[in-house]
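Q: So the chains spell out like this:
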Amino acid sequence: MQNMKWKITLAFMTAAFISCDKFEMRGFFTSHESVDHRFEQSTEWNNQNGITQINIPQSTYTIMAFGDSHVGGTRNLKRFLNDARDNNTSAVVMTGDLTTGNKEDYDVFFNHMPLKDSLIYFPIVGNHDLYFEGWKQFYSYLGSSTYYFVINTPSESDLFICLDTGSGTLGNKQLNWFKKLLESDRKNYRHCIVFTHNNLIRARPTLTTNPMVEEVHVLLDLFLRYNVNMVVTGHDHKHNSTTFGNTNLITMDALLDSNDRAGYLKLSINELVIDYRFVKL
Amino acid sequence: MLSLLFLLTTVYAVRAQINLHSYLEIGKNNTLNEVYIKNAYRGGYQFREFDLEAGIQFDIQSNNPNTLTGIDIIGSGKFSIKDFPFDVKAFFILNRFSDLLYETNLGLRIETKKLEHFVFGVGTNFKTYSINSGARETYNIDKANSKIHENLGLLYLITAYLKPHHNVWNIGLSCTNIDFFLINQPSNPVFNLQMKYKPKSNLSLHFDSWYKQAGMLNIYANYFGYFFRGGIICKI
Chain A
3 MQNMKWKITL AFMTAAFISC DKFEMRGFFT SHESVDHRFE QSTEWNNQNG
53 ITQINIPQST YTIMAFGDSH VGGTRNLKRF LNDARDNNTS AVVMTGDLTT
103 GNKEDYDVFF NHMPLKDSLI YFPIVGNHDL YFEGWKQFYS YLGSSTYYFV
153 INTPSESDLF ICLDTGSGTL GNKQLNWFKK LLESDRKNYR HCIVFTHNNL
203 IRARPTLTTN PMVEEVHVLL DLFLRYNVNM VVTGHDHKHN STTFGNTNLI
253 TMDALLDSND RAGYLKLSIN ELVIDYRFVK L
Chain B
2 MLSLLFLLTT VYAVRAQINL HSYLEIGKNN TLNEVYIKNA YRGGYQFREF
52 DLEAGIQFDI QSNNPNTLTG IDIIGSGKFS IKDFPFDVKA FFILNRFSDL
102 LYETNLGLRI ETKKLEHFVF GVGTNFKTYS INSGARETYN IDKANSKIHE
152 NLGLLYLITA YLKPHHNVWN IGLSCTNIDF FLINQPSNPV FNLQMKYKPK
202 SNLSLHFDSW YKQAGMLNIY ANYFGYFFRG GIICKI
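So the sequences go chain by chain: A and B.
Heads up, the first sequence is in the working numbering, so the first residue is 3 and it goes up one at a time.
Heads up, the second sequence is in the working numbering, so the first residue is 2 and it goes up one at a time.
Careful, some of the hints might be misleading.
Straight line, CA to CA, 27 Å or less: simulated DSS-like cross-link-like pairs of lysine-lysine [as the list claims (entries may be wrong)]:
hint, chain 1, residue 1, chain 2, residue 2
1, A, 181, B, 148
2, A, 240, B, 148
3, A, 189, B, 144
4, A, 189, B, 115
Here are a few chain B residues that face chain A, going by a calculated C-beta distance under 10 Å [said to hold, decoys possible]:
hint, residue
5, 32
6, 96
7, 99
8, 137
9, 146
10, 151
11, 220
The hints are simulated quantities; they were obtained by calculation from the structure and are not laboratory data.
In this text, a Cβ means the ideal position worked out from N, Cα and C, and glycines have one as well.
Generate the whole structure from the sequences, applying the supplied hints.
A: Right under this line is the structure:
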């Protein structure tokens, strides 16, 4: 009987470690590459490709963002991209879990991406994108996951910072980069919006991971100290928004095809405010 | 009447017990470029089945501009249902993690040492992040936007010990999201290898090593940090 128990336990653990095509159980304990390593590669990519500056001829513009498309399925991704074109959006930000991490899904995702001169998009990695050594695919298809871009209107410039929290932490190197960027550059911009995958605050009962409390402490301090106007995240699959200090903390619905409340975020930015709307598909 | 009061006080004082606990903590994590050092002092007053414990934490070296960085108060009672003994603990934690913000936790948890080699604990906490009044003024923040409450969190503690609880020395391994001045989210378990030694009946020493892995058992895990904690507990 004791022997049978061990066999059942072993069979269960083996099945868990072999895993399905959505999760890689190995990733729950250790990662293929550290967040510091991804940051170094992202920095290398940034150095080679430079900072994207988008010039807008008017003072009001639109940014659209989505997260958690988990491609395979592409129905909602197509609808989002059509809406982005129809809205003449200035840029699209993708806040991670774009794929399942499988190479086949990266192929499908990348094949649906429009040419960069027809739609400017900024991808960020999420935890699912990293399973099955997905970072190699992400980096080769999409490039950096830690960077910033700037949108210039005739009178002002706005700063958009994209951070990699696919491993549930920024890591020491990326956090130092983020701090230095805010310290040195934030004052030069009108609005500052941060995009990343992991939501920071547990707004509802959920099993999704947030960064460790010590890291949440540092981030909340930085958001307040440097007047970060908005933080846009995904990961939790259910939208939420709350204001803390002068920062709007926003979590988006998942774009996932099987999500019955699938949607995305539309930001209308003008001289005074950043207006946001959750759009249900 | 006075002599009766004196007698009662003396009897109660004999039955009561005072615990003093001090520890030093050294560690490093992804939010810091150097090691941090913290020092905490705790005092407990035990009377019959009830305990009142309070602690304060000082940062000796860290990136926190505050020196006094934590305060906690725990009130607990020992209960038993049939032959199942358990402690009920109500607590309040103040964590002054910044000169602009602080965190408070109110919570309740139940712990049992029913099994000789294990401690099990489960409970819930209510976490609030707040912006202090000075920062509200400096950054022109509406009071209505100066607090953010998290949903009720799950607290858990599982410790397996090599020896029974009453042994002079012991080694245990814990998985928990609870610490004296910090409570992590339920999805961020922390592992703690602890050693205890009781050279005298009223004196015990402990040494803990804690390991933190971000996203552990939940997403794409990555190293976050570690710390060591050594301390002494005296019973008076």
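Q: It remains to establish, for every hint, whether it holds in the given structure.
A: Now for the hints, and whether the structure bears them out:
1. Simply put, residue 181 of chain A and residue 148 of chain B have alpha-carbon atoms about 23 Å apart, close enough for the 27 Å limit, and the pair holds.
2. Between the alpha carbons of residue 240 of chain A and residue 148 of chain B the distance comes to roughly 22 Å, so the proposed pair stays at or under 27 Å and holds.
3. With a CA separation close to 25 Å, the supplied pair residue 189 of chain A and residue 144 of chain B stays within the 27 Å bound.
4. For the hint pairing residue 189 of chain A with residue 115 of chain B, the CA-to-CA distance comes to about 58 Å; that exceeds 27 Å, so the pair is violated.
5. For residue 32 of chain B, the interface hint holds, since its Cβ comes within 10 Å of a Cβ in chain A; the closest pair sits about 5 Å apart.
6. This hint holds: residue 96 of chain B has a C-beta 8 Å from the nearest C-beta of chain A, less than the 10 Å allowed.
7. Because the closest C-beta pair between residue 99 of chain B and chain A is about 4 Å apart, less than 10 Å, the hint holds.
8. The criterion of a C-beta within 10 Å of any C-beta in chain A is met by residue 137 of chain B, whose closest approach is roughly 8 Å, and the hint holds.
9. With its C-beta approaching chain A no nearer than about 5 Å, residue 146 of chain B sits inside the 10 Å limit, and its interface hint holds.
10. Hint on residue 151 of chain B holds. Least Cβ distance to chain A is approximately 5 Å, under the 10 Å limit.
11. The beta carbon of residue 220 of chain B comes within 4 Å of a beta carbon in chain A, closer than 10 Å, and the hint placing it at the interface holds.
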